Amino acid sequence: MKKYEIKLDRRNFLKNSVSVGLVTIAPGVFLQEIAHGRSLDEPASDKIRWGMLIDTNQCTEDCDACVTACNEEHGIEDFGRPTTDTQWIRKLNLTNEFTGKKYSLPIMCQHCENPPCVDVCPTGASFKRADGIVLVNKHTCIGCRYCMMSCPYKARSFVHENLENQLPHAPRGKGCVESCNLCVHKIDNGENNTACAEACVKDGHQAILFGDLNDPKSEISKQLSEFGAKEIRSDLGLNTAVRYRGI
Amino acid sequence: MYKKLYIKILLTFLLVFFSGTSITHENISHNIDIASGDKCVEPTDIMRAQHHIFLNKQSHDTVVDGIRTKKYSLNNCINCHIQPSADGTYPSVKSEEHFCSGCHIKAAAQVECFDCHASKPFNNVKIEEEISKK
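So the protein sequences, as listed, match chains Y and E.
Last residue of the first sequence: 442 (my numbering), numbering continuous.
Last residue of the second sequence: 143 (my numbering), numbering continuous.
Bear in mind the hints are in silico, worked out from the structure with no lab data behind them.
Honestly, I wouldn't trust all of these hints.
What the hints assert, rightly or not - Here are some chain E residues pointing at chain Y (derived, C-beta under 10 Å):
#1 Tyr15
#2 His90
#3 Ile114
#4 Asp124
As the list claims (entries may be wrong) - Restricting the straight-line Cα-Cα distance to at most 25 Å, the calculated cross-link-like pairs of lysine-lysine (BS3-like) are:
#5 Y/Lys369 - Y/Lys397
#6 Y/Lys417 - Y/Lys381
#7 Y/Lys349 - Y/Lys425
#8 E/Lys80 - E/Lys48
#9 Y/Lys369 - Y/Lys323
#10 Y/Lys286 - Y/Lys397
#11 Y/Lys381 - Y/Lys286
#12 Y/Lys381 - E/Lys80
#13 E/Lys79 - Y/Lys381
#14 Y/Lys397 - Y/Lys381
#15 E/Lys66 - Y/Lys369
#16 Y/Lys286 - Y/Lys242
#17 Y/Lys296 - Y/Lys286
#18 Y/Lys369 - E/Lys103
#19 Y/Lys412 - Y/Lys425
#20 E/Lys13 - Y/Lys323
#21 E/Lys48 - Y/Lys323
#22 Y/Lys369 - Y/Lys242
#23 Y/Lys425 - Y/Lys297
#24 Y/Lys242 - Y/Lys417
#25 Y/Lys381 - E/Lys103
All values reported here derive from a predicted model rather than from experimental measurement.
Glycine included, every Cβ here is placed at the ideal spot set by N, Cα and C.
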C-alpha cells in the first residue's frame, strides 16, 4: 500500500490554509443563494415562507392594477358573468360606520399556515407547499368545491367555462378549483416577486410587499417587526402569510 | 387442407398489415423544429412507450415540489414538436396534424393534458396580436 506523505513546509501550509478558508466561506454564500433563487432542479425549501404585506393606507379605491396584472399574468378571462367568473384577487372597499374612514384592500388567498382548504380536501389536491404556498394540484382536483366552502376569505374560484389559449406557465381548465398561487412560476424561476406587487409599484402605490417571512433580513420581515400588521380573522388561528397594515 | 392454408395466409396478412401501420405509426411524419436539436430527450422507441410516465413524474415534481427542470416538461415537448404550418398557424389539438393528437386519435387514446395545458408554443403570432390589441 502506498503511503501518502504530507509535507508541511511553508508553501503547502499556505496553500492548505487558503483552501480551508474558501470551504468555510462557501457554505454561507451557498445558503444565501438558496434563500434568493434556487436552481431549477431543487425542490422548494421549508426554510422559506413566502408572504405579503399589504399597506391599506397606500391602496386607493379606484385602482385595480393588481387585479388586472394578476388576470394578465395567469390568462384569466372575463366572461361577463360576475357570479361565476374566476377571481384570484378582488378589491374590497369598506367604510367604518362609526369613524367614516374608508378602506380599500385587495383580498386573495391568504396562504394560511393551517389552511382549512387542505383539511377538507377529499383527494389531497389542495395542499401546502414546503415554502408555505397553498396550491391546488389540478391533476388530482375533482372539482367538489369543499375548499371553497371552507375558506373564510372566499379566495377560491371554480372554473365554470371551457377555456382556450391558456398560457404555458399557467395551466387552467374547466372543472377545477383555483386561487392565488403567489405567482409560483415566477418564484420557481428565481424572480421572487408577484405580478400584483410589481403592478402596484409600477402604478406608484407600493401597497403590496412580497418577501420571505422566515428571513429576518428581508424587507417584509423588517417592516413587520417595526410597524406590525394584522391578519384578517386572526381569531381563527390560521396564521396567514398575507398581512394587512392600517386596518 | 385448403381451409388451414387460407387461415394461415389471412393471419400473416393481418399481422404484417397491422404491426407495420397502426402500432408503430412509422408512416406519420411531423413538422419538428430542427433548429432546437436533432434528437428528442430520449431515444424514439423509449419516448413512444414511456412519454406518459416521464410527464406524470414531471407534473408531480413541478406542482408539489416546485422543480422546474426543462428536460421532461410538457412545455419543452410543445416548443419543439408543435411548429407552425406554411400559413403561420399552429395545428389545432383536435386535428391529426398536432403532434400529440396524430397518434392519440389513431390509437383512440383520449388525453386530457390540453384541457388545461397550452397546446402550442407561447411565442404564437396570434396570442401576441391579441395581447397588443388589449
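Against the structure, the hints come out as follows:
Checking E/Tyr15 against chain Y: minimum C-beta separation of about 51 Å lies over 10 Å; hint violated. Annotation: E/His90 was flagged as interfacial toward chain Y, and the flag is violated, the nearest CB pair being 14 Å apart, outside 10 Å. Look at E/Ile114: its Cβ only gets to about 19 Å from chain Y, farther than 10 Å, so that hint breaks. Annotation: interface hint on E/Asp124 holds; nearest CB of chain Y at approximately 4 Å, less than 10 Å.
Straight-line distance between C-alpha atoms of Y/Lys369 and Y/Lys397 comes to about 32 Å, which puts the hinted pair past the 25 Å bound. Between Y/Lys417 and Y/Lys381 the CA atoms are separated by roughly 23 Å; this keeps the pair inside 25 Å, and the hint holds. For the proposed pair Y/Lys349 and Y/Lys425, the alpha carbon gap of about 18 Å is at most 25 Å, so the pair holds. For the hint pairing E/Lys80 with E/Lys48, the CA-to-CA distance comes to about 12 Å; that is within 25 Å, so the pair holds.
Between Y/Lys369 and Y/Lys323 the CA atoms are separated by roughly 22 Å; this keeps the pair inside 25 Å, and the hint holds. Note on Y/Lys286 and Y/Lys397: the hinted pairing holds, with a Cα-Cα distance of about 18 Å set against a maximum of 25 Å. Taking the CA atoms of Y/Lys381 and Y/Lys286, the gap is about 23 Å. The hint holds against a cut of 25 Å. For the suggested pair Y/Lys381 and E/Lys80, the alpha carbons sit about 19 Å apart, so the restraint of at most 25 Å is met.
Distance hint between E/Lys79 and Y/Lys381 is fulfilled; the C-alpha atoms sit about 15 Å from each other, no more than 25 Å. Distance hint between Y/Lys397 and Y/Lys381 is fulfilled; the C-alpha atoms sit about 17 Å from each other, no more than 25 Å. A hinted pair counts as satisfied when its Cα atoms are at most 25 Å apart, and E/Lys66 with Y/Lys369 qualifies at roughly 23 Å. Using a Cα cut-off of 25 Å, the hinted pair Y/Lys286 and Y/Lys242 is violated, with the two alpha carbons roughly 31 Å apart.
Straight-line distance between C-alpha atoms of Y/Lys296 and Y/Lys286 comes to about 17 Å, which keeps the hinted pair within the 25 Å bound. Restraint check: the Cα-Cα separation between Y/Lys369 and E/Lys103 comes to about 17 Å, which is no more than 25 Å; the hinted pair holds. Note on Y/Lys412 and Y/Lys425: the hinted pairing holds, with a Cα-Cα distance of about 20 Å set against a maximum of 25 Å. Of the pairs offered as hints, the one joining E/Lys13 and Y/Lys323 is violated, with about 65 Å between alpha carbons and a cut-off of 25 Å exceeded.
Between the alpha carbons of E/Lys48 and Y/Lys323 the distance comes to roughly 37 Å, so the proposed pair goes past 25 Å and is violated. For the given pair, Y/Lys369 sits about 34 Å from Y/Lys242 by alpha-carbon distance, which is inconsistent with the 25 Å threshold. A threshold of 25 Å between alpha carbons decides the hint, and for Y/Lys425 with Y/Lys297 the separation of about 17 Å falls inside it, so the pair holds. As the CA atoms of Y/Lys242 and Y/Lys417 are separated by approximately 17 Å, the hinted pair is consistent with the 25 Å bound.
Distance restraint check for Y/Lys381 and E/Lys103: the Cα-Cα separation of roughly 31 Å exceeds the 25 Å cut-off, and the hinted pair is therefore not satisfied.
Violation of the numbered hints given earlier is confined to hints 1, 2, 3, 5, 16, 20, 21, 22 and 25; the remaining hints are satisfied by the structure.
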